[in-house]
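Enquirer: Chains as they are written, first to last, in the working numbering: chain A, 1 to 164; chain B, 165 to 595.
I should point out that these hints are in silico values taken from the structure, not numbers from a laboratory. Nothing here was measured: the structure is a model prediction, and the numbers come from that model. Think of the CB as a built atom: it goes at the ideal place given N, C-alpha and C, for glycine as much as any other residue. A couple of the hints might just be wrong.
Derived lysine to aspartate or glutamate pairs resembling EDC-like cross-links, with alpha carbons at most 16 Å apart [claimed, not checked]:
(1) A:Lys93 / A:Glu125
(2) B:Lys443 / B:Asp433
(3) B:Lys359 / A:Glu62
(4) B:Lys359 / A:Glu63
(5) B:Lys443 / B:Glu405
(6) B:Lys562 / B:Asp500
Facing chain A, a subset of chain B residues (Cβ under 8 Å, in silico) [said to hold, decoys possible]:
(7) Gln219
(8) Gln276
(9) Pro302
(10) Val306
(11) Met311
(12) Arg312
(13) Asp347
(14) Lys359
(15) Arg548
(16) Thr594
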Amino acid sequence: MNYKYRPMGKRSILRAAFFTIALFSFSCPVASDPDLLDTDVPEAIQIVTSANSRSVRPMSQEEAVQLFLGYRNRLNDGTLVTLIDLPVGPTRKHFYLRLTNKNPVQVRATWSRLVFSGRVRPPIEADSPKEALEWLASMPNAIGYLPASIQDQRLKVLLVVPND
Amino acid sequence: MNNFTLNALISMWVLLASSPSTAQASPSGNDNRETENAGPAPAVALNDASPVRFQFSGFGTLGMVYTDAKDLRFIRPSLSHSSSENPDFAPDTVIGVQGNLSLGQRASIVVQGISRKNTYNNYEPRATLAFASYAIAPFLTVRAGRMRMPFFMLSETSDINYANPWIRPPTEIYSLVPFNDLDGVDLLLSDNFGKWNVELHSYFGGSSAHIYQSGKGRLNGSGLDITATNGRLTLFAAHGEARMSMKWNDKDFQNLSSMLASPFVLNGDRILQDLSGDKGRARISSVAMQWDDTRWLLIAEYSCLRTTRYTPNAQAWEITAARRYGNFTPYLAFADFVRHRKNGTITSEKTGIPDLDAAVQAFTAPRNLGQSRATLGLRWDFYRNTALKLEYSRIRTKNNSWGSLFPTDLAKPRVENRRINTIGASVDVTF
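Hey, can you work out the whole structure from these sequences and the hints?
Expert: This is the structure in structure tokens:
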């Protein structure tokens with residue numbers, strides 16, 4: 001990284017602070033963010049529902065983003081869907097990063113605003129991928145995400161979120 | 165690399181096996197495939213015992229604020245009671261819990277209760293949401309009961325500090341009106357256009373507020389908000405109109421009103437009508453934006469309050485720039501609150517009696533929130549769903565105005581035209 005010395009403003013602490021923020025913002029590209037690199041890159045992630053959820057059709061990336069950011073909780077035909085979240089971990093983190101370009105804090109903040117204004121129900125968090133799989137396989141109109149390596153006849157794939 | 169190749173192969177296989185799964189796939193070709201896939205029907209018994217019909221969630225902030233002036237304390241005007249402690253935990257500490265009960269596909273009930281130091285100087289819990297909602301159509305929901313008065317971009321979640329970069333939403337804007345509840349009905353019209361989600365929010369109803377000491381305020385009106393977001397950029401505009409009553413009942417006001425009511429005081433009646441009563445009208449307009457990408461969080465808000473009585477016209481703005489470095493988010497914010505009618509006083513009438521005019525002026529000053537502020541802060545997301553925030557603010561109160569500060573000794577208030585430093589620290593959680 002190139003840290004370039006820039007003379008600081010002399011007039012006030014605030015100006016100095018502003019320059020400090022500006023300096024860091026230009027000299028630290030986001031790719032150097034250790035939080036984004038310290039985990040193994042997970043496999044491709046698939047958005048799935050129960051094979052029995054006949055009204056749930058494969059979806060576009062835009063629809064998936066809107067569902068998983070809480071901007072809609074119904075499909076175009078009016079079907080109310082229930083979102084299933086994996087427990088906190090690399091798959092969940094990278095799913096949201098790849099699909100919505102938001103980190104876990106941003107996702108949580110976005111959902112907090114929607115849930116606590118009474119707009120939408122929060123996703124249901126499973127204790128494990130196995131539990132999520134069971135819920136997704138058995139609950140009609142439940143939509144969730146799983147590592148693409150998980151295959152199950154009871155599931156229907158709606159979208160594969162590609163590896164970056 | 166092996167993992168990567170394997171994963172790529174698996175994902176390709178999944179793509180091929182379920183060809184409808186990409187956005188580009190033709191929808192018409194998918195239906196048959198879906199029906200075929202649906203073959204062995206799984207047990208649907210879990211549908212009845214689905215893991216959730218009721219969901220519980222909550223939020224909280226433990227916050228303290230230190231004021232560097234011995235004779236002043238920081239307050240959240242119209243939200244919290246003044247305190248003599250320094251540092252003070254009253255302005256920002258809050259806990260809230262919420263239950264969402266779904267009743268089938270269309271109906272639900274939401275109840276939210278919070279506890280925070282209120283204007284009665286206690287922590288008695290109160291309902292901030294208690295409404296029933298019904299989806300008339302996929303894009304149209306009607307709600308009735310207690311909601312939040314949605315005058316500003318973040319008013320519906322102004323207690324959810326985890327969702328914001330700062331310790332608290334800008335007091336300049338969020339204290340413009342002391343009415344936080346909306347007891348009434350609203351309609352949410354929400355639709356998606358490409359990457360954009362657009363929500364029209366119309367509402368009507370009323371709101372009551374307990375104001376300084378033992379006064380009461382009441383607002384009845386209606387309004388319309390529009391919010392458009394594509395996940396990164398959010399645009400917000402709102403307009404509300406209401407009838408407003410404001411009835412002070414503190415000793416200062418009782419003394420003042422008995423003097424003004426005297427038939428020998430010029431304009432006394434008119435001044436009283438400007439100060440307190442139930443014939444006010446208010447119009448509140450707001451525009452706001454938020455930009456939220458992986459690096460930057462930029463927020464700008466502007467709100468304007470026009471009233472006929474009880475409080476002068478005012479406008480407030482704030483602008484925030486925050487930059488993310490992993491789990492650290494430093495931010496810089498500026499805000500300003502200007503009362504711009506009648507030189508910051510509630511009434512332009514004069515009695516001609518210097519002492520009485522001074523008393524009227526002294527009465528209006530605590531009700532004027534005019535101040536400008538610069539804030540430098542740091543948010544640290546040090547644990548799951550938990551954020552630590554540190555904030556330094558420099559507040560300058562304006563002429564004839566107390567801003568968000570309150571004197572420890574009401575007998576000798578000296579708040580106007582002061583420069584005050586505050587330091588805040590808080591931990592926010594959601595669960």
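Enquirer: Does Thr594 (chain B) hold up as a contact with chain A if the rule is Cβ-Cβ below 8 Å?
Expert: Holds, because the Cβ-Cβ distance from Thr594 (chain B) to chain A comes to roughly 5 Å (cut-off 8 Å).
Enquirer: Interface hint check: Gln276 (chain B), Cβ to nearest Cβ on chain A, cutoff 8 Å. Holds or violated?
Expert: Interface hint status for Gln276 (chain B): holds (7 Å vs cutoff 8 Å).
Enquirer: Within 16 Å, alpha carbon to alpha carbon, are Lys359 (chain B) and Glu62 (chain A)?
Expert: 6 Å, holds
Enquirer: Taking 8 Å as the limit, does the beta-carbon of Pro302 (chain B) come near enough to a beta-carbon in chain A?
Expert: Holds. Min distance 4 Å.
Enquirer: Going by Cβ atoms only, is Val306 (chain B) closer than 8 Å to chain A?
Expert: 13 Å, violated
Enquirer: Identify whether the interface hint at Asp347 (chain B) stands, where standing means a beta carbon of chain A within less than 8 Å of its own.
Expert: Since the shortest Cβ distance to chain A is 14 Å, the answer is violated.
Enquirer: Below or equal to 16 Å on CA atoms is what counts here, so check Lys443 (chain B) against Asp433 (chain B).
Expert: The hint holds at about 14 Å.
Enquirer: Is the interface hint satisfied for Lys359 (chain B)? The criterion is a beta-carbon contact with chain A at less than 8 Å.
Expert: 6 Å, holds
Enquirer: Hint check: Lys443 (chain B) vs Glu405 (chain B), CA-CA at most 16 Å. Holds or violated?
Expert: With Cα atoms ~14 Å apart, Lys443 (chain B) and Glu405 (chain B) stay inside 16 Å; holds.
Enquirer: Can you confirm whether the C-alpha distance between Lys562 (chain B) and Asp500 (chain B) stays at or below 16 Å?
Expert: 10 Å, holds
Enquirer: Verify the interface restraint on Arg312 (chain B): the C-beta must sit less than 8 Å from at least one C-beta of chain A.
Expert: 7 Å, holds
Enquirer: Taking the closest Cβ pair, is Gln219 (chain B) under 8 Å from chain A?
Expert: It holds, given that the least Cβ distance between Gln219 (chain B) and chain A is near 6 Å, below 8 Å.
The earlier numbered hints that this structure contradicts are 10 and 13.
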